[in-house]
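Student: Protein chains in written order, with UniProt numbering: chain A, 1 to 137; chain B, 1 to 418.
Among the clues, some could well be false.
To be verified - Not everything, but these chain A residues come out facing chain B in the computed CB check (under 8 Å):
hint, residue
1, 3
2, 19
3, 22
4, 26
5, 27
6, 54
7, 75
Claimed, not checked - Sample of chain A residues lacking proximity to chain B, with all beta carbon distances greater than 10 Å (derived):
hint, residue
8, 16
9, 24
10, 25
11, 37
12, 74
13, 78
14, 103
15, 113
16, 114
17, 124
18, 125
19, 132
20, 135
Since the hints were made in silico from the structure, they are not lab data. We put the CB at the ideal spot given by N, CA and C, even for glycine.
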Amino acid sequence: MSELPPLAQQALDAFARLPGWEQRARLLLQWAERLEPLDAAERSEANRVHGCESLVWLVAERRDQALHFRAASDARLLRGLLALLLARIEGLDGAGLAALDLADWFAQLGLQRQLSPSRSNGLNAVLERMRELAATR
Amino acid sequence: MPGLSIHARQTFRGTAAMPLNSPWRADFPGILALQAEGQTYLDNAATAQKPEPVLAALDAYYRNGTANVHRAQHLPGDRATRAFEATRLKVTQWLNAASPAEIVFTRGATEAFNLLAYGLEHLFQPGDEIVVSALEHHANLLPWQQLAHRRGLNLVVLPLDAQGDIDLAAAATLIGARTRLLAVSQLSNVLGRWQPLPELLALARARGALSVVDGAQGAVHGRHDLHALGCDFYAFSSHKLYGPEGVGVLYGRSDALARLRHWQFGGEMVRHAEFQDAEFHPAPMGLEAGTPPIAGVIGLGAALDYLDGLDETAVAAHEAALHAELLAGLAARDGVRLLGAPRIALACFAVDGVHNADLAHLLGEQGIAVRVGSHCAMPLYERLGLAGAVRVSLALYNDGEDLRRFFAALDAALELLR
């Protein structure tokens, strides 16, 4: 696997040494604030990712050839998880997205429970949507 | 909706704190194992842990040699059939049905409602009405909704009052001349209130409509005399009643059962088969196609035996005390809003300014097993204007310590989130 993007490495350094759920939650809430905002028009039905209990929107755009994603949610901790997902996939092309092991990434962060099959927060649905968008744009 | 509200309650404050112990907790290896793992299980409306006698019955059935029921002349087949049919007799007595022929085993309560919606389909004409209530679980809503689509029927939805009960005044006008069937829940899995069944069933009877009662939650919190209740059909699932999953019970009064057409075809339900035609058994056998969940049915029998051996009054008193403590704890916290006014078994709540998903995340992190979401009642939540809620649901093995851990986790989560 190639090197992690700088922001992802930063996340790994920060999360991997946290001793408990409370510290992880506090840091997730901080990461939630890092998401680039989506405006009201971008929070549209067309940009909604279904398969999440909470509302999640995902927008993709080309910036200098590379695909750039932005995401938003009405749930705060999920915003933190989305920020960690976006940090990990920054700069990846379609093939890189297809190969990404999301469970492994969150396991490295100590957040593996957030990816279990019974979770309905929809991170897997977000990654699926990213793969679709990468294939079509 | 007009009526049903979400409101903060101010009552129950200052309840004296007595340790609430469950004398039955030690009978449930599952709850003890979860506790040892640091998990506090308060999602009992979804499914319940099993008492030791149920585990023993499942183990013994397989360990002593399994066989299929109803067909074989050999000893193992005879033994399996006797044990299987013994459960039918226990269910008959449990519900005070007239005879074991009124008890049909299905693969769950959901399958029981689907069986009814297909088996009764031939009785409906376009324009006929099916009446349900606004609090129905998807299992007792979607089979009727889809039947209405298939046959061009109108689905009428009874509104709720502010407490969370089906509005009887509205029901008296909505259950009308075109009503052919009334399908209502006995105890809501969201609002935790006994519904006014005697009044509703009388309204249906007066119109000559069939009645279906969803007892999935109700069956767990009290024994019900179906002869006295007087409904045509009643369904519940084993797994919520401390038995194995994969088994549902459909009670049908004999004259009502006789109106059902066969709906699934295969082994066991057929009396005589030719290539071009066949004759089928009447209910209950005729409605039990294929190999049934034999071990599960035997396990349900063990669960009923276990429950039969408990002091019913003591169980009810314990559950009521737990529920009061749950309500008191919720009422004592700022910004916590109860859905309706739950009376038994569970409470659903939302917290002002806090997303349910965030609460769910942090309760889960702290080993609190509660349900967050729309609890298979999406239309109800839509009417409440809520995306979902947190549901704490109780069983007879829960104790005051479970609630103490839940509230400590809730406080820690809210401290982080606000």
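Student: Would you pick out the hints that fail for this structure and give their numbers low to high?
Tutor: As far as the earlier hints go, 1, 2, 5, 9, 10, 12, 13, 15, 16 are violated by this structure, in ascending order.
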